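K.L.:
Using the sequences and the accompanying hints, generate a full structural model.
The listed protein sequences correspond, in order, to chains A and B. Residue numbering for the first sequence is 466 to 817, as defined by this note's numbering. Residue numbering for the second sequence is 466 to 817, as defined by this note's numbering.
Be aware that one or more of the hints could be misleading.
The list makes no distinction among identical chains, and a pair is therefore deemed to hold if it is satisfied within one copy or across any two copies.
Straight-line alpha carbon distances no greater than 30 Å define the calculated DSSO-like cross-link-like pairs of lysine-lysine that follow [as the list claims (entries may be wrong)]:
no. : residue 1 : residue 2
1   : LYS790    : LYS804
2   : LYS546    : LYS588
3   : LYS569    : LYS701
4   : LYS588    : LYS701
5   : LYS546    : LYS815
6   : LYS644    : LYS804
What the hints contain is simulated information worked out from the structure, not anything from laboratory work. Owing to the predicted nature of the structure, the values given are computational and were not obtained by experimental measurement.
2 protein chains.
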Amino acid sequence: MYNAKAYAATSATSPLSSATIVRRNPTESDVQIEILFCGVCHSDLHQVRNEWSGVMPTIYPCTPGHEILGRVTSVGSAVTKFKAGDLAAVGCMVDSDGTCPACKEGLEQFCPNVTLTYNFPDKHLGGVTYGGYSDSVVVDERFVLHVPENLNPAGAAPLLCAGITTYSPMRHWGVTKGKKVGVAGIGGLGHMGVKFAHALGAHTVVFTTSPNKVEDALRLGADEVVISRDANEMAKHAGSFDFILDAISADHDINAYISLLARDGNITLVGAPEKPLQVAAFGLLFGRKSLSGSPIGGIPETQEMLDFCGKHNITADVEVIPIQKINEAYDRLLKSDVKYRFSIDMASLKSE
Amino acid sequence: MYNAKAYAATSATSPLSSATIVRRNPTESDVQIEILFCGVCHSDLHQVRNEWSGVMPTIYPCTPGHEILGRVTSVGSAVTKFKAGDLAAVGCMVDSDGTCPACKEGLEQFCPNVTLTYNFPDKHLGGVTYGGYSDSVVVDERFVLHVPENLNPAGAAPLLCAGITTYSPMRHWGVTKGKKVGVAGIGGLGHMGVKFAHALGAHTVVFTTSPNKVEDALRLGADEVVISRDANEMAKHAGSFDFILDAISADHDINAYISLLARDGNITLVGAPEKPLQVAAFGLLFGRKSLSGSPIGGIPETQEMLDFCGKHNITADVEVIPIQKINEAYDRLLKSDVKYRFSIDMASLKSE
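P.N.:
Structure below.
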């Protein structure tokens, strides 16, 4: 074991502050990474503040962060895919059983024995796993990804959650050239959805409640932008979408979007509004439409996504912050005051 | 034109009573059918009582009925698929444009210019179409189906709506041998769902609120029956279903069923509860599950379904009634007091 610098919360109401956590010494199958950047996901805030106490109560101290990007500093003797100096990344998962049907299909996110990157039982050291708000992490090579060197590292970090979460359902539901694809909600997730839909060749339509996001949506790759509060604008697109990515975390009228789907169209939720969605059955019936949800993606698909990003030079739009500004960043996150993701520059941790 | 005997309602509050309607003389592409049996669908009642006034206001007099089975009495000169004496059937549609993408795929139910069997503009005679509570009907051969002679005709009539409505989503979502399939709600639709799931080779589990339906569900082909109000019983099946057919027309907790789906599982609504369904997003996210809806099926699939029924000797469980008992049957339908579909013996119309 060794000590690593980190930021951690000691209770649901404490700000994050400087802390020391322990990491295991790399085993033969482990990769040790010096963390350069870590994206800030809304899940980090939920976990730190114990807002999921019903399903995933927080164990303190809690070091969140699952959009981890860094340089490999050392590898175990059995590691074959990485070497010191490689640009590498870790996302929401750090382990799984490797033997269940989901794992065998490369869908580790559905493994019943998955280990998430933070606040999950740590098989090696006991206690819980600690995330990427830290200067170093040690992860089994099966859960380490290669990052194309051409990508801006600060912007590449959020690909590990916001990226794969939006890329995976688009691939699953067949977003390609010739399809008409909507992206509802332009935040950390939605803005990645726009970039992917565009890069996959789809006719991409952004839905937003904010007229002041129109210009930015076009810049991100939208072919059209619809102000979702304008019923006339919405009606023009009735029955025309093959796929809609619903990245709205606030309560909203899902039926308005279902009515925009073409026959056999699908709308996939990647945000999770607090209240149940009110779904009118008739809207699904007439058109054999479907509503689904999707969480992150498996390791093979995450690597595919990173390679796709390398090829198309796609990264998240980030505001880089020092770790000392993380509490302020959380406050701003709650006001959607970020375009479109915070990325923590971990060099700032050296001064702690 | 010629006169046909029928039963019709003259207002939303009138009982159905004896009436005379006009039918067109068969054109060269038409098939004329002497109706032997007509199933009673809940939609008939909704339409007759103008309960869908918002979307499909009823034009009176209204003769409903879209589960029509009979003998061909004559065919137009250009008809090639039918001849006098054939056992034939007509379902919910009697025409479509034949040129749209949906029609070209044999999915006439999604044609924007579909003509439904009753209460829809009649292109030939003006006014509206009249359904199967009648002694005769004339329909373009494209919308007439062959019925295997081995099937009991009274029980075969409901295949044209209750049958195809449950068969189609099972085929669409890949119900086959080796799959675990649930059917929620054992009424006119649900009981057909059980028969199809069983005949398609799936491990079939019935969900019902009524312990007194257990024995019958097993008789219909269920491998297991779960009392849906028993949370422990439900929990035993968590995360295990590939597909669930939701044929519950009353309000119900859809999340309880979503939690029973396996990864990538689908639940399809064929009933349409009045109130919106309350869908918790997390239930769909963790498992990439989907909720969809499905209405009837296209003509090629309806023929496939009838042929499948012929092969497996599948018909609806019906209570045969004379047309004179139709109003009483509607009252009983509202109390779910029928196992599981009324089928009107049209011979009873001769005495009117």
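K.L.:
I want to check one pair: LYS546 and LYS815. Are their C-alpha atoms no more than 30 Å apart within a copy, between two copies, both, or neither?
P.N.:
within (29 Å within a copy, 82 Å between copies)
K.L.:
Can you tell me if LYS790 and LYS804 fall within 30 Å by alpha carbon in one copy, between copies, both or neither?
P.N.:
within (16 Å within a copy, 67 Å between copies)
K.L.:
Evaluate LYS546 and LYS588 at a C-alpha cut-off of 30 Å and name the case that applies: within, between, both or neither.
P.N.:
Within one copy, since 23 Å is at most 30 Å while 69 Å is not.
K.L.:
If the cut is 30 Å between Cα atoms, do LYS588 and LYS701 qualify within a copy, between copies, both or neither?
P.N.:
This pair counts as between: shortest inter-copy Cα distance 28 Å, intra-copy 54 Å.
K.L.:
Between copies, within a copy, both or neither: which fits LYS644 and LYS804 at Cα up to 30 Å?
P.N.:
within (27 Å within a copy, 45 Å between copies)
K.L.:
With identical chains, the pair LYS569 and LYS701 could be close in the same copy or across copies; at 30 Å between alpha carbons, which is it: within, between, both, or neither?
P.N.:
The answer is between: 25 Å across copies meets 30 Å, while 44 Å in one copy does not.
Hint compliance for this structure: every hint is met.
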